[in-house]
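Chains A and B are the protein sequences, given in the same order. The first sequence begins at 17 in this note's numbering and counts up by one. The second sequence begins at 17 in this note's numbering and counts up by one.
Hints in this document: simulated from the structure, not taken from any laboratory. Be aware that one or more of the hints could be misleading.
Restraint-style ranges between C-beta atoms, simulated for each label pair [claimed, not checked]:
1. Asp94/A with Val220/B: 42 to 52 Å
2. Glu124/B with Glu166/A: 22 to 32 Å
3. Gly37/B with Gly116/A: 47 to 57 Å
Here are the simulated lysine-lysine pairs, PhoX-like style, with alpha carbons at most 25 Å apart [to be verified]:
4. Lys113/A with Lys20/B
5. Lys65/B with Lys104/B
6. Lys113/A with Lys133/A
7. Lys133/A with Lys74/A
8. Lys20/A with Lys133/B
9. Lys113/A with Lys39/A
10. Lys65/A with Lys133/B
11. Lys39/B with Lys104/B
12. Lys74/B with Lys218/B
13. Lys39/B with Lys20/B
14. Lys104/A with Lys74/A
15. Lys113/B with Lys20/A
16. Lys133/A with Lys104/B
17. Lys39/A with Lys221/A
18. Lys221/B with Lys20/B
19. Lys133/A with Lys221/A
20. Lys39/A with Lys74/A
21. Lys133/A with Lys20/B
Heads up, the beta-carbon is just placed ideally off N, CA and C, and yes, glycines get one too.
There are 2 protein chains.
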Amino acid sequence: MNTKAFEKLNYTLSLLSAANGDKHHGCIINSLHQVTASYPAKFTVTVNKDHETYQAIKASGSFSVTLLAADCPEGLIDCFGYRSGRVKDKFAEYAVKTDGMGNPYLMEHMVARISCKVVDSLDIGSYMLLVGEVTESEVLGDGPVLTLQEFTNRGKTTPPAATVYRTMAGNGFRCTVCGYIYEGESLPADYVCPICRAPASKFVKQD
Amino acid sequence: MNTKAFEKLNYTLSLLSAANGDKHHGCIINSLHQVTASYPAKFTVTVNKDHETYQAIKASGSFSVTLLAADCPEGLIDCFGYRSGRVKDKFAEYAVKTDGMGNPYLMEHMVARISCKVVDSLDIGSYMLLVGEVTESEVLGDGPVLTLQEFTNRGKTTPPAATVYRTMAGNGFRCTVCGYIYEGESLPADYVCPICRAPASKFVKQD
Numbered sequence: 017m018n019t020k021a022f023e024k025l026n027y028t029l030s031l032l033s034a035a036n037g038d039k040h041h042g043c044i045i046n047s048l049h050q051v052t053a054s055y056p057a058k059f060t061v062t063v064n065k066d067h068e069t070y071q072a073i074k075a076s077g078s079f080s081v082t083l084l085a086a087d088c089p090e091g092l093i094d095c096f097g098y099r100s101g102r103v104k105d106k107f108a109e110y111a112v113k114t115d116g117m118g119n120p121y122l123m124e125h126m127v128a129r130i131s132c133k134v135v136d137s138l139d140i141g142s143y144m145l146l147v148g149e150v151t152e153s154e155v156l157g158d159g160p161v162l163t164l165q166e167f168t169n170r171g172k173t174t175p176p177a178a179t180v181y182r183t184m185a186g187n188g189f190r191c192t193v194c195g196y197i198y199e200g201e202s203l204p205a206d207y208v209c210p211i212c213r214a215p216a217s218k219f220v221k222q223d
Numbered sequence: 017m018n019t020k021a022f023e024k025l026n027y028t029l030s031l032l033s034a035a036n037g038d039k040h041h042g043c044i045i046n047s048l049h050q051v052t053a054s055y056p057a058k059f060t061v062t063v064n065k066d067h068e069t070y071q072a073i074k075a076s077g078s079f080s081v082t083l084l085a086a087d088c089p090e091g092l093i094d095c096f097g098y099r100s101g102r103v104k105d106k107f108a109e110y111a112v113k114t115d116g117m118g119n120p121y122l123m124e125h126m127v128a129r130i131s132c133k134v135v136d137s138l139d140i141g142s143y144m145l146l147v148g149e150v151t152e153s154e155v156l157g158d159g160p161v162l163t164l165q166e167f168t169n170r171g172k173t174t175p176p177a178a179t180v181y182r183t184m185a186g187n188g189f190r191c192t193v194c195g196y197i198y199e200g201e202s203l204p205a206d207y208v209c210p211i212c213r214a215p216a217s218k219f220v221k222q223d
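Chain A extracted, bound-state conformation (with noise of 0.2 Å):
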């Protein structure tokens, strides 16, 4: 098995949101995708159970997802894509809409929205699959999106919540909440993630 061969997919990267109460949380995914070709159009995406992202998913039963534009700037993948809705209200800097819903989401910078609700799920592990039905769609911006590709090309790393195969060179230890990697032969126990505070019982050694 050669894992290089996951990696020559490329995904659209956006920003999946939900409210939880009155707490907006929001990351950058690659994971939405259009599953049936007939009515009612069907997405699915698939979210790290740990992630706070899916329990406001799970709370609402609904979910807005905005298409990053190819010029998004790398402030907003990084608010979103590297830091945990834990420690940090991500959407405080920016001006949010919300959907019928209320879902948070965004429209700078952004080329079109769709909202689901969640008509069905499958639990495929560390990873929820969630089959959403849509309820809301527009379109943002005329430009092209942002591929997962170009992103990387740029020299960055994919986005933690991304559904994308990772591995590294060397030993470490890997968040499961949000993918920070601790590169050492072992991990301290009080160890806590210096992204989103997850304790050391949330990392998994890489192999």
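Starting from the known structure of chain A, fit chain B onto it as the hints suggest.
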């Protein structure tokens, strides 16, 4: 709702194939996606339940997917994307290899191959969503993959098996097996699809 929003997403095009006894089936899809970042690697594909390729996957419990190279010739895409396995042995003109589970695949004009064992499935209407665990994977080429947006930018129509919402201007009937559109106000009762030979009962009115 503006379904133009759905067309903004970009996807990798690939050849999905499986064996049904000694018969080889395959079609061009945009629905292969990695769905978990954790081990073991899992991918989903969605396939129209009426397609011969789905019947083959159901029979064998496994499938092979090869990612199309950006320079993949039109003849290959025409053969696998717009013909039905009911009326044509699509693999007849190509040098076919088979993976460890007996699924056929092609090496030329392909970037990577991923073979999967089906471990779960979800009925999402006219399409079936299949969860596959990778059993074999290899890199077959250096270049970039062909994306749906690059393909349609060349003036091509979306291959019928692609899970992309299609809308049409005016009245007509769509073959639910292969996606062919019959343009007209009413469909003759003895009509047979010119692409896949499905009967009139397999056509649905387009809204």
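* Is the hinted pair Lys133/A and Lys104/B satisfied, with a Cα-Cα distance of at most 25 Å? -> The hint is violated at about 40 Å.
* Could you grab the alpha-carbon distance between Lys65/B and Lys104/B and see if it respects the 25 Å cut-off? => Since the Cα atoms of Lys65/B and Lys104/B sit roughly 19 Å apart, the hinted pair holds (cutoff 25 Å).
* Satisfaction of hint between Lys133/B and Lys20/A, Cα-Cα up to 25 Å -> holds, 19 Å
* To do: For the pair we were handed, Lys133/A and Lys20/B, check the Cα-Cα distance against 25 Å.
  => Since the Cα atoms of Lys133/A and Lys20/B sit roughly 19 Å apart, the hinted pair holds (cutoff 25 Å).
* Asked: Are Lys113/A and Lys20/B close enough, with their CA atoms no more than 25 Å apart?
  -> Satisfied, since the Cα-Cα distance of roughly 20 Å is no more than 25 Å.
* **Pair hint outcome, Lys133/A versus Lys221/A [Cα-Cα no greater than 25 Å]** => violated, 36 Å
* Take the C-beta atom of Asp94/A and the C-beta atom of Val220/B, compute their distance, and say whether it sits inside 42 to 52 Å. => For Asp94/A and Val220/B the Cβ distance comes to about 46 Å; the hint holds.
* Does Lys74/B pair with Lys218/B here, judged by a C-alpha cut-off of 25 Å? -> Holds. Lys74/B to Lys218/B sits at ~21 Å (cutoff 25 Å).
* 25 Å limit on alpha-carbon distance, applied to hinted pair Lys221/B and Lys20/B -> With a Cα-Cα distance of about 20 Å, the restraint between Lys221/B and Lys20/B holds, given a limit of 25 Å.
* Would you say the C-beta atoms of Gly37/B and Gly116/A sit inside 47 to 57 Å of each other? -> For Gly37/B and Gly116/A the Cβ distance comes to about 50 Å; the hint holds.
* To do: Please work out if Lys113/B and Lys20/A have their alpha carbons no farther apart than 25 Å.
  => Between Lys113/B and Lys20/A the Cα gap is close to 20 Å, so the pair holds against 25 Å.
* To do: Note whether the CB distance of Glu124/B and Glu166/A lies within 22 to 32 Å or breaks it.
  => holds, 27 Å
Violated hints, in rising order: 13, 16, 17, 19; the structure is consistent with all others.
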